[in-house]
Amino acid sequence: MKLAKRYLLLFVLPALILYTLFIVYPLINSLFLSLYSWPGVGKKTFVGLDNFRKVFSAGSFRNEVFNAFWHNVYFYFLAALIEIGVGFFIALMLASKIKGARMFRNIVYIPNMIPLVLVGFMWSLYLNPQVGLVNQFLKLIGLGGLAQSWLGQESTALTTIILVNAWRNIGFYVLVLLAAILDINPSLLEAAYIDGASNWKIIWRIIFPLSFSTVRTLAILLFIWSFNVFDMIYALEGVQAGPYRSTDVLGTLFYRTAFGGLGSSAIDMGLGATITVFIFAIIMPVSILYVYLVEKRQRSA
Amino acid sequence: MKLRSVLLISLVVLLSAIAFSGVVNIWSWRSQDADVWKQVESRLRAQGYDIKINFTAYAPTEYDAKVNLALQTGTGPDLVYSRRLPGGLTQTLIDNGLYLPLPNDFDLSHFPQAVLNSVTSGGKVYGVPFAVQVVGIFYNKDYFDQFGLSIPKTWDELVEVADTIQKNGITPFFVPGKEAWALTMQHAMCGVSVLGPEWIKDLTEGKTCFLDVKFVDLNRKLNDLKKYYQKGFMGNSTNDLNAAFAFGQAAMVFYGIWGYQTWHELNPDLRVGYFMVPPANECQEPYAYTYMDGAIALTSNVKNREDSLKVLEFCATPEFGTIFSNVTYNIPAVSGAQLPDLDILKVAVDTYNNHASPYVYWVGSVFVTQKPSLYTDVLSPGMQAMYSGKITPEELARNAQDAISQWYEPLMKK
Numbered sequence: 000m001k002l003a004k005r006y007l008l009l010f011v012l013p014a015l016i017l018y019t020l021f022i023v024y025p026l027i028n029s030l031f032l033s034l035y036s037w038p039g040v041g042k043k044t045f046v047g048l049d050n051f052r053k054v055f056s057a058g059s060f061r062n063e064v065f066n067a068f069w070h071n072v073y074f075y076f077l078a079a080l081i082e083i084g085v086g087f088f089i090a091l092m093l094a095s096k097i098k099g100a101r102m103f104r105n106i107v108y109i110p111n112m113i114p115l116v117l118v119g120f121m122w123s124l125y126l127n128p129q130v131g132l133v134n135q136f137l138k139l140i141g142l143g144g145l146a147q148s149w150l151g152q153e154s155t156a157l158t159t160i161i162l163v164n165a166w167r168n169i170g171f172y173v174l175v176l177l178a179a180i181l182d183i184n185p186s187l188l189e190a191a192y193i194d195g196a197s198n199w200k201i202i203w204r205i206i207f208p209l210s211f212s213t214v215r216t217l218a219i220l221l222f223i224w225s226f227n228v229f230d231m232i233y234a235l236e237g238v239q240a241g242p243y244r245s246t247d248v249l250g251t252l253f254y255r256t257a258f259g260g261l262g263s264s265a266i267d268m269g270l271g272a273t274i275t276v277f278i279f280a281i282i283m284p285v286s287i288l289y290v291y292l293v294e295k296r297q298r299s300a
Numbered sequence: 000m001k002l003r004s005v006l007l008i009s010l011v012v013l014l015s016a017i018a019f020s021g022v023v024n025i026w027s028w029r030s031q032d033a034d035v036w037k038q039v040e041s042r043l044r045a046q047g048y049d050i051k052i053n054f055t056a057y058a059p060t061e062y063d064a065k066v067n068l069a070l071q072t073g074t075g076p077d078l079v080y081s082r083r084l085p086g087g088l089t090q091t092l093i094d095n096g097l098y099l100p101l102p103n104d105f106d107l108s109h110f111p112q113a114v115l116n117s118v119t120s121g122g123k124v125y126g127v128p129f130a131v132q133v134v135g136i137f138y139n140k141d142y143f144d145q146f147g148l149s150i151p152k153t154w155d156e157l158v159e160v161a162d163t164i165q166k167n168g169i170t171p172f173f174v175p176g177k178e179a180w181a182l183t184m185q186h187a188m189c190g191v192s193v194l195g196p197e198w199i200k201d202l203t204e205g206k207t208c209f210l211d212v213k214f215v216d217l218n219r220k221l222n223d224l225k226k227y228y229q230k231g232f233m234g235n236s237t238n239d240l241n242a243a244f245a246f247g248q249a250a251m252v253f254y255g256i257w258g259y260q261t262w263h264e265l266n267p268d269l270r271v272g273y274f275m276v277p278p279a280n281e282c283q284e285p286y287a288y289t290y291m292d293g294a295i296a297l298t299s300n301v302k303n304r305e306d307s308l309k310v311l312e313f314c315a316t317p318e319f320g321t322i323f324s325n326v327t328y329n330i331p332a333v334s335g336a337q338l339p340d341l342d343i344l345k346v347a348v349d350t351y352n353n354h355a356s357p358y359v360y361w362v363g364s365v366f367v368t369q370k371p372s373l374y375t376d377v378l379s380p381g382m383q384a385m386y387s388g389k390i391t392p393e394e395l396a397r398n399a400q401d402a403i404s405q406w407y408e409p410l411m412k413k
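Residue numbers (numbering that gives the first Met the number 0), protein chains in the order written: chain A, 0 to 300; chain B, 0 to 413.
These aren't lab readings, by the way, just hints derived from the structure by calculation. It is possible that some hints are incorrect.
To be verified - Listed next, the stretches of chain A that the computed footprint assigns to chain B, with coverage defined by at least 3 CB atoms under 8 Å from CB atoms of chain B:
(1) 10 to 17
(2) 33 to 40
(3) 119 to 130
(4) 170 to 177
(5) 218 to 225
Stated by the list, open to error - Below, simulated EDC-like cross-link-like pairs (lysine to aspartate or glutamate); rule was C-alpha separation at most 16 Å, straight line:
(6) Lys43(A) / Asp94(B)
(7) Lys389(B) / Glu153(A)
(8) Lys389(B) / Asp223(B)
(9) Lys51(B) / Glu40(B)
(10) Lys226(B) / Asp155(B)
(11) Lys51(B) / Asp34(B)
(12) Lys42(A) / Asp94(B)
(13) Lys226(B) / Glu159(B)
Beta carbons: idealized from backbone N, C-alpha and C, even for Gly.
Using the sequences provided together with the hints, build the complete structure.
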């Protein structure tokens with residue numbers, strides 16, 4: 000028994016070292032860094048909780064932080080509605096035996112394989128207000144009145160970005176949900192049909208409850224990703240998160256604060272680290288919930 | 000057998016040549032300069048210096064963080080492209096001894112003092128400036144000829160010109176409203192003419208403030224001009240601007256001379272002219288917004304100091320300027336270079352030498368050195384908000400005053 004424990008440690012060690020070096024150390028380091036003011040080079044100045052005061056007490060920086068925070072929240076709810084909600088119905092369709100289901104399964108996943116930089120580039124072309132594909136298409140089908148400057152106005156910019164994000168990521172959610180739906184014992188569905196249940200009833204009373212644990216897991220993962228989101232906004236609106244910060248999220252705010260927005264502007268790694276601590280404080284409880292639920296599921300399985 | 004020994008000997012010779020020639024590593028954010036350094040290398044070799052230049056360009060958005068980290072860990076190159084002063088990034092690197100000053104006897108006689116100011120800190124010179132930029136209004140000469148227009152002398156004339164162009168069915172201005180920095184640049188280039196350098200000097204000294212009627216009036220002028228921009232301009236990027244201007248979809252752009260390289264590549268037949276933003280009235284002189292783009296600096300990580308200084312010495316000669324401008328169509332910072340035979344470059348150089356505004360409030364000014372910065376935090380989101388009708392010209396002025404007076408002593412309430 001003693002021997003086994005020693006070997007166990009030996010086998011765990013490589014992973015433990017890597018984990019400590021690349022996850023635990025940076026985490027603790029950024030916690031400490033949030034107590035300092037530091038331009039990225041040279042001496043760090045200890046400022047205590049001053050950075051946190053900037054984030055939470057009234058002032059222009061707090062406004063910026065909470066402006067970004069609410070955008071993250073909006074991002075999460077709309078993305079969840081589309082990626083999981085619509086994704087569920089697409090998965091349902093693909094689960095039924097329609098012609099070419101296999102082909103659709105592949106098609107729906109394709110955008111996920113396109114590198115994000117390319118997605119940003121493609122969509123900024125499609126969304127060009129004068130010659131972009133989207134507005135041209137609207138004009139073609141006689142809806143030219145709906146053509147707009149999608150990424151250039153507050154009312155549509157963030158929603159457009161979330162839709163592009165959904166276009167890219169929905170394939171992943173569809174695949175996972177599809178697996179969950181196909182996992183349901185077909186005899187349950189057959190029994191329901193024989194008992195005379197309508198399609199809607201089968202979906203709501205049998206398929207949805209039986210795949211709910213998957214939906215819940217996806218919802219939690221999406222929450223974590225939504226509060227970490229940076230790349231899509233960076234690719235479509237740049238680090239300034241325009242127009243006038245209406246697409247700003249905590250990720251872009253962090254980048255601007257820690258690495259400087261443009262050219263020779265002042266930067267503060269310490270204040271940037273404070274934002275990451277703030278993001279961490281939001282994500283951590285949800286992550287713990289996720290681990291707890293997964294554990295529970297494995298135990299019951 | 001004989002062939003093999005010949006090959007072997009030539010290999011040994013080649014290897015020893017590589018081993019003995021000095022390698023100089025240079026990092027940059029400008030990938031378009033790769034060819035410049037190839038030519039510099041061969042020119043130095045022709046002069047008898049056995050120097051090999053390794054040029055590496057990084058994405059502009061990652062560049063500064065990369066240099067910071069590398070220099071602190073001792074893995075940086077001999078020379079780096081450095082940003083202009085005053086500026087938080089460069090100043091910190093200098094203060095921490097990561098950029099080294101040029102030797103006292105270094106020959107900088109080919110540079111005007113205004114350029115050297117952007118690389119001088121504490122009486123020492125850090126780096127050899129490589130390019131200067133001129134911003135202003137670039138126009139399509141064909142349209143101006145076609146509609147019988149001449150270069151406007153006042154802001155009102157500029158509006159008339161725009162009006163005539165619009166009546167002829169052409170978009171007068173193409174503005175990349177999605178890119179906030181370009182809107183700030185537009186504000187800043189209009190500011191040097193409409194407000195004038197004297198006003199900006201007074202602002203810097205705290206004799207006036209952003210709430211002054213002249214500043215509010217400039218905001219209003221810009222806001223009123225937007226009816227001459229392309230429809231949906233808030234959704235356009237600078238890539239869109241390049242294509243639209245190069246192919247004649249718009250007659251004028253508020254931009255910088257660096258754009259010419261792209262326009263020329265897209266449409267070699269395009270005839271481009273330049274004029275400074277006209278002042279508010281005829282009694283005022285127009286001014287141009289100009290700035291030093293960057294310098295080539297010696298780092299504390301230098302491994303090959305002797306050859307690096309040799310390269311820097313070459314960068315301080317008109318010959319370097321000639322190579323640089325012929326590859327990039329940019330204006331070299333060093334004077335006396337042979338520029339490519341292009342009217343637009345001659346006009347830009349003349350503007351730089353004779354009409355540069357001595358006072359500015361965008362890059363190269365004190366107002367961008369701390370947070371909240373006039374550039375990143377006020378004018379970039381603020382111009383977008385004003386153009387979208389979210390805030391008024393008065394509110395934009397108020398935002399500027401509130402933000403800068405948080406940290407800039409002369410503008411604090413007395």
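Checked hints:
no. : hint                  : verdict
1   : 10 to 17              : violated (count 0)
2   : 33 to 40              : holds (count 3)
3   : 119 to 130            : holds (count 5)
4   : 170 to 177            : violated (count 0)
5   : 218 to 225            : violated (count 0)
6   : Lys43(A) / Asp94(B)   : holds (13 Å)
7   : Lys389(B) / Glu153(A) : holds (9 Å)
8   : Lys389(B) / Asp223(B) : holds (14 Å)
9   : Lys51(B) / Glu40(B)   : holds (6 Å)
10  : Lys226(B) / Asp155(B) : holds (14 Å)
11  : Lys51(B) / Asp34(B)   : holds (14 Å)
12  : Lys42(A) / Asp94(B)   : holds (10 Å)
13  : Lys226(B) / Glu159(B) : holds (13 Å)
In this structure, the earlier hints numbered 1, 4 and 5 are contradicted, and the remaining ones agree with it.
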